[in-house]
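For this one, chain A is given, so just place chain B on it according to the hints.
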Amino acid sequence: MSSERSVRRSPHPDAGIRDAVRLLPPVLLPDHAEVLDGVLDEVLCGARRRAGERAPGDLAEAVAALWAGYRSLGARPAGRSTVVADQDPVPAVAGTGLIPLRETLHPETPHPETLHLGALDALLAPFADGVEQEALDTAVADLLAGVARDLPGTAAWTDLGPGDSAIARAVLRAVPVLGVAAPVVALRVDAETPESLRRAAVLAAGALPPATVRIHLVDHPAVSAGLPWPYAVAPGHAYLPAGGAAVVAVLDLGVAARRFGERRRREVLAGTGSGVGRAGPDLDAFLDEVLPDLVAGAAAELSLAVEAMVDGPLPAGAEPPAREPDDPSRPVTGDRQRSVADARRRCVAVLGVDGVAEAVGTVLGQDPAGVGAAPGSGPVTVTGSGGVVDCAGYGVDAEAAEVAALLVHRLADLAAAVPPVGPRITGPPLLHAPFGSTGVRVPDLLEPPPYNHLRTLAAVQPAFAAGAADVLALDAGVRENPQAGVDVVRGAFACGVRGLALAVHAVPKVRVTGFLVRHGVVVKPDGPRWR
Amino acid sequence: MSPEAGSEVRGVGTRGAVVGGYVTDIDRASAVDGPGNRYVLFLQGCQFDCLVCHNSCTIPPPPRWMVPTSVDETLADIRSVEPFLSGITVTGGEATLQAPFVHALFTGLRADPVIRGLTAFVDTNGDAEAEVWELLAPVTDGVMVDLKALDDEMHVVLTGTSNTRVLASITSLAARGLLYEVRLLLVPGLNDSDEVLDRTASWLLGVDPDLRVRINAFRRDGVRPCARDLLEPRAEDLDRYRSVLSAAGIRQLTTY
Chain A
1 MSSERSVRRS PHPDAGIRDA VRLLPPVLLP DHAEVLDGVL DEVLCGARRR AGERAPGDLA
61 EAVAALWAGY RSLGARPAGR STVVADQDPV PAVAGTGLIP LRETLHPETP HPETLHLGAL
121 DALLAPFADG VEQEALDTAV ADLLAGVARD LPGTAAWTDL GPGDSAIARA VLRAVPVLGV
181 AAPVVALRVD AETPESLRRA AVLAAGALPP ATVRIHLVDH PAVSAGLPWP YAVAPGHAYL
241 PAGGAAVVAV LDLGVAARRF GERRRREVLA GTGSGVGRAG PDLDAFLDEV LPDLVAGAAA
301 ELSLAVEAMV DGPLPAGAEP PAREPDDPSR PVTGDRQRSV ADARRRCVAV LGVDGVAEAV
361 GTVLGQDPAG VGAAPGSGPV TVTGSGGVVD CAGYGVDAEA AEVAALLVHR LADLAAAVPP
421 VGPRITGPPL LHAPFGSTGV RVPDLLEPPP YNHLRTLAAV QPAFAAGAAD VLALDAGVRE
481 NPQAGVDVVR GAFACGVRGL ALAVHAVPKV RVTGFLVRHG VVVKPDGPRW R
Chain B
1 MSPEAGSEVR GVGTRGAVVG GYVTDIDRAS AVDGPGNRYV LFLQGCQFDC LVCHNSCTIP
61 PPPRWMVPTS VDETLADIRS VEPFLSGITV TGGEATLQAP FVHALFTGLR ADPVIRGLTA
121 FVDTNGDAEA EVWELLAPVT DGVMVDLKAL DDEMHVVLTG TSNTRVLASI TSLAARGLLY
181 EVRLLLVPGL NDSDEVLDRT ASWLLGVDPD LRVRINAFRR DGVRPCARDL LEPRAEDLDR
241 YRSVLSAAGI RQLTTY
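Protein chains in written order, with my numbering: chain A, 1 to 531; chain B, 1 to 256.
Okay, chain A solo, but in the shape it has when bound (with noise of 0.2 Å):
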């Protein structure tokens, strides 16, 4: 455990492009099998076996199984963050994948604490048959209220769908009665998925106060095709491996670009560079000569990462054997054999990738940390993942657009050639962009026109193959009108958005002299701002 603290908090010493490189904490235990064994015993099996080896009878011993099993996992050493497999339901425990997993994806996050609940509805669904839709939403609230409760501090998620269920509903319901301390529910969707249990999200989401992100959907035939895993959605919409977990560093593009921008200068000043502002030579030098260090320098850290956390590195076919947690002497056999290898094969690297809006400005030769003007906007300042950040342009700028696509492809084209950076993890890193695709968040008023803006990001999100952080802004008239929101998260995916938070504006929209214009148009806004 010290090792993975000393990884976060030790500075980069390379005063160079690898600074660009941030590594976050790690949230794998990739050789902790004994821990994966004990949180399953904890969760689901310890609560059988005391139950004087009996599986739960009904929802309430079900629930309280669960509860005592949260509780347990965040009782754990601090940074401890979990998921539950969705695959296999209670009774099936000996083959419910439960993974601890490091954390959370970024460190700003207000919730130093991740616990993934599983899903839920899963996992609840063999004991809701025949129970009152009124008893089960008492049931769910009184869980969910109870973890939050037990676990102050700790952002706890849970992945719904895309099949409906009673479960699933009172969630949903749940979640406006519990307001901020509700869990993140990734509602994910698919064609058998129903539209009015896509209208309760919606209206989930517009239950809670404005610029509260609890609430996600996910295009689930689209993700899926793109894993070869069963995933859950973890802090910043990422996609990890449901039941395994991974390794994460995040690449800050922002600060690469604006390095590269800076040598350019240099360079022409001493007469051997090409000139700055002329976007064809200084594009194709940041693809061709900057994203392949860049990407290099991130696996570097990742495999850093990954021996920091075990005992050094394992020889090819030395998997130790996985162990029964109450007879360390005994190995695991059968299904839950197969489970634990299963899981192990399913942790990952993550290469978070950051400042794409600020990277395409500076490569575009516009303003070093911009990102191009809006049409008669002028430079606008926006809050992005290192700060306020100068920025303009985003989603209405095309060029801007084709360059911020251009460069997460080339991003991912790369990271798919990099070759597993350490014992057990499978694959090559997975994208993802825990400060949405492109790195920024634009405030109330400034906002480009949404269609605009989910294309734009149907452009660059399927390259994160492990998820993206974006936030769709509803207007607050999916209160009473939720289908509003399904429709346009609809016409969303339609264009190639694979998921998105939602979340109602912190400023209405009313009717002026015969105009649409937002509130704080003519009255100041004064309500909380996208992080």
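Everything labelled a hint here was simulated from the structure, so no lab data went into it. Glycine residues also receive a C-beta, built at the ideal position from the N, C-alpha and C atoms. Any given hint might turn out to be false.
Taking beta-carbon pairs under 8 Å as the criterion, some of the chain B residues facing chain A (in silico) [unchecked claim]: (1) Arg28; (2) Ala29; (3) Pro35; (4) Asn37; (5) Ser86; (6) Thr255.
Using the frame of chain A, we list chain B on its own:
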């Protein structure tokens, strides 16, 4: 009746082919103009002169400099955002004052293989002759009607016009199965007493027992100076409106 028939009825006569609509504004993503996410066209010109209108610049007829927007141009724009939509809504100003354009637009919508699945709604003050609804009914999926006041005297105070045609439109549209919603713009002290609300609800339920009703709370934003001293409904006022209308039997009730 075809839009080219040259009728003298207001809003229907065109003296020739439809050349376009006088469009003041477009909202391509509205959650408050009918079911689902809608593409909304705001047309210029309204025969009412509402005291509490927050779109008062849309009241005058189209100015000479205003260039009409063609049906084809509008349809192309709708096609570009079709994946995000449930339908389109034409409002204003007063949409029925340009009924031939609305008819041509809705007809074009139904003929277009890309966007024919979108629903076509009209948002109106209801002050239209029966012939207007005859023209639009075959190509319209739903109509939302504003009822500023059930009492004609108060309606004149609020709009400058009698509500005779408004009430007739509501009745006629309900009979055709086209009345999607009636919207009550409520202004404290003018048309929001319990007695008025109860009587309005009774009348509406007589038209359609399952009628969908939306409370539009008066807002001062954008109104002309003479209306800026009017009160906006408070939260407790809105609660009372909902309570009285629900008690009277309105089952489908929303608030904006």
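Status of the hints after comparison with the structure:
1. Hint status for B:Arg28 relative to chain A: holds, with the closest Cβ pair at about 7 Å, below 8 Å.
2. Contact between B:Ala29 and chain A, as hinted, is supported at the beta carbon level, the nearest pair being about 5 Å apart and thus within 8 Å.
3. Hint on B:Pro35 holds. Least Cβ distance to chain A is approximately 6 Å, under the 8 Å limit.
4. For the restraint placing B:Asn37 at the interface with chain A, the shortest Cβ-Cβ distance is roughly 4 Å, inside the 8 Å limit, so the hint holds.
5. Checking B:Ser86 against chain A by beta carbon gives a least distance of about 5 Å; that is within 8 Å, so the hint holds.
6. Evaluation of the B:Thr255 hint against chain A yields a held restraint, the C-beta minimum of about 7 Å falling below 8 Å.
In summary, this structure violates none of the numbered hints.
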